[in-house]
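Taking numbering that gives the first Met the number 0, I'd label the letters of the sequence shown as residues 0 to 207.
No lab work stands behind these hints, which were simulated from the structure alone.
Hints may be right or wrong, so weigh each one.
Said to hold, decoys possible - Simulated restraints on C-beta separations:
#1 Asn-167 / Leu-83: 37 to 47 Å
#2 Glu-188 / Gly-145: 31 to 41 Å
#3 Thr-124 / Thr-86: 19 to 29 Å
#4 Ser-111 / Glu-195: 34 to 44 Å
#5 Leu-79 / Asn-167: 40 to 50 Å
#6 Glu-126 / Ala-173: 17 to 27 Å
#7 Ser-71 / Thr-146: 53 to 63 Å
#8 Ile-187 / Leu-104: 17 to 27 Å
#9 Ser-111 / Gln-184: 22 to 32 Å
#10 Thr-183 / Thr-86: 23 to 33 Å
#11 Ala-78 / Glu-126: 28 to 38 Å
#12 Asp-133 / Gln-198: 18 to 28 Å
For every residue, glycine included, the Cβ atom is placed at its ideal position computed from N, Cα and C.
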Amino acid sequence: MMTTSWGQFLAQRLALAKNPTRLMLIRLGCLLGMLLLTQVSWAQGEKRVPVRDKAPNKTTIPTQEAKANPLSPKQLEEALRLLLAATADSANTEKLQRGFEIDGLVVDQTISKLGRDFYSQFFSTFEAPAGSGDYLVTITEKPARGTSILVTVAVNNTDVLEMPLQPNEEYIEAAASEAVGTVTQHLIENNRLGNELEQGNSQPLEVY
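Kindly generate the complete structure, drawing on both the sequences and the hints.
Right under this line is the structure:
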């Protein structure tokens with residue numbers, strides 16, 4: 000076996016020696032294979048520095064966030080009490096600055112939407128004059144022809160105005176404005192008469 004293989008090897012070498020071009024190609028192929036094997040072994044033996052995907056975050060000192068502590072029932076009650084007291088003081092101060100205190104009431108006794116619209120318009124624009132004191136304004140209604148109603152405005156149980164009312168926004172605004180003027184004038188007259196009576200009672204009797 001060894002003799003035959005060695006003989007074949009010598010025969011191949013003699014054949015290659017007779018063909019120098021083929022011998023050169025084989026040598027170049029062997030050299031190229033050795034270079035490739037060297038590169039592969041070098042790549043496998045190379046030590047790579049491990050790279051982390053993400054750099055470690057810098058150490059930060061945790062900050063304490065201000066958290067709103069819920070109020071206890073007692074604290075909530077105390078806060079509401081202080082708020083109401085401050086509101087009352089502000090309202091009283093405003094009344095003192097205006098020089099009078101209002102103790103009046105406007106009562107709605109209407110039954111239809113038209114009547115309630117009139118009351119809302121009256122209530123939103125009415126402001127009692129200074130020195131009105133205690134007063135009671137009552138707004139009532141009666142049915143009229145068609146879709147209209149008859150509105151009555153009373154001050155301290157005394158009727159001061161009665162007018163028909165139609166389902167028209169401009170008409171309602173005009174009627175409410177007229178009612179506000181009438182009630183305001185009535186309160187001013189009552190206040191003037193009350194002041195005159197007080198001044199008359201405070202004057203000493205003259206002796207002749």
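Hint by hint, here is what the structure shows:
1. Asn-167 / Leu-83: 37 to 47 Å: 42 Å, holds
2. Glu-188 / Gly-145: 31 to 41 Å: Roughly 35 Å apart at Cβ, these two residues keep to the hinted range, so it holds.
3. Thr-124 / Thr-86: 19 to 29 Å: 24 Å, holds
4. Ser-111 / Glu-195: 34 to 44 Å: 41 Å, holds
5. Leu-79 / Asn-167: 40 to 50 Å: 44 Å, holds
6. Glu-126 / Ala-173: 17 to 27 Å: 18 Å, holds
7. Ser-71 / Thr-146: 53 to 63 Å: 57 Å, holds
8. Ile-187 / Leu-104: 17 to 27 Å: 18 Å, holds
9. Ser-111 / Gln-184: 22 to 32 Å: Roughly 27 Å apart at Cβ, these two residues keep to the hinted range, so it holds.
10. Thr-183 / Thr-86: 23 to 33 Å: Because 27 Å falls inside the window, the suggested range holds.
11. Ala-78 / Glu-126: 28 to 38 Å: The hint (28 to 38 Å, Cβ to Cβ) holds, given that Ala-78 and Glu-126 are roughly 32 Å apart.
12. Asp-133 / Gln-198: 18 to 28 Å: About 20 Å separates the Cβ atoms of Asp-133 and Gln-198, which means 18 to 28 Å holds.
Checked against the numbered hints above, the structure violates none of them.
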